[in-house]
Amino acid sequence: MPGPQDSTSAILWIQDAVTAGRYKATGHFFDRLSERKIDFDDVFNAIENAIRCLPYERQPDHNGTCWRVIGSGIDANKMIAIGVEAYLDKKKRKCALCTVFDPND
Amino acid sequence: MVERCECGGVLKSTTLKEFDFTPVAGIPSLLRNTRGFLCQRCHLPGLDGMTINSVLRTMTTAIVKQPDRLAADHARFLRKRMRLTQQALADRMGVARETVADWERGKDPVSAQHDLVLRALVIAELMRTPKNAPTKEEVVEAIGTVRTGRPTGKGPFVIENAA
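Residue numbers (the working numbering), protein chains in the order written: chain D, 1 to 105; chain A, 1 to 163.
Quick caveat, the hints were computed from the structure, so don't treat them as lab data. Quick caveat, the model's predicted, so the values are computed rather than measured. Certain hints may be false.
Claimed, not checked - Think about it this way: if two alpha-carbon atoms lie no more than 35 angstroms apart in a straight line, the pair counts; the simulated DSBU-like pairs of lysine-lysine are:
id, chain 1, residue 1, chain 2, residue 2
1, D, Lys91, A, Lys12
2, A, Lys154, D, Lys91
3, D, Lys90, A, Lys131
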């Protein structure tokens with residue numbers, strides 16, 4: 001499966017993709033930002049300073065591997081869990097598809 | 001490879017006439033004629049990371065260059081762009097955390113001096129990554145003047161043709 005196979009390479013893959021803008025954010029993602037009153041810089045921060053990256057069971061949409069990244073928002077009292085599929089695009093670049101979870105889910 | 005939405009629908013590239021960027025930026029903002037995509041099943045619009053990163057950078061530059069004193073939500077936006085907690089920003093600016101909180105709640109306006117210091121911190125942060133570095137003109141526009149007037153409440157940020 002063309003995606004990272006362990007937590008360490010997954011978090012590096014995801015951080016690289018997000019910093020370089022090789023990610024997609026769907027309408028569901030934007031809805032959850034509103035619902036949870038967090039903005040995109042909180043998500044960036046949680047990914048950049050992730051405290052945990054765990055695999056999770058989900059059918060990947062892009063033939064990659066799925067991960068749950070947990071980190072804190074900028075105002076550290078808010079933990080954020082981000083669901084990410086890490087995959088290779090047509091040009092074999094490392095990409096990510098992001099969503100936001102409830103950290104307790 | 002077909003790109004898919006969370007709901008399983010196929011994502012189709014399109015130009016979005018209007019896109020409410022407020023949830024992303026945390027301040028009222030609207031994109032017009034933006035390249036994005038639309039899910040063919042749930043019909044929700046989405047954006048590429050390149051567009052999001054580029055719009056956030058454009059907004060940051062526009063806010064530090066604006067001629068008016070920083071409004072409460074702009075001060076908060078700039079702090080979060082620098083990934084600083086209220087305490088970390090307060091420490092850098094030599095004020096109490098409560099002062100930063102009061103600025104961001106709109107309880108007290110950011111003073112003219114602190115307005116300038118905050119803009120300078122953002123400029124310095126932008127300069128850390130050469131790709132984001134502001135031009136000399138942008139630096140002068142941002143920190144070449146002390147804003148003595150009060151902040152003005154304007155409508156949302158409108159960004160046209162974001163790539």
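Hint-by-hint comparison with the structure:
no. : hint                : result
1   : D/Lys91 to A/Lys12  : 18 angstroms, holds
2   : A/Lys154 to D/Lys91 : 43 angstroms, violated
3   : D/Lys90 to A/Lys131 : 25 angstroms, holds
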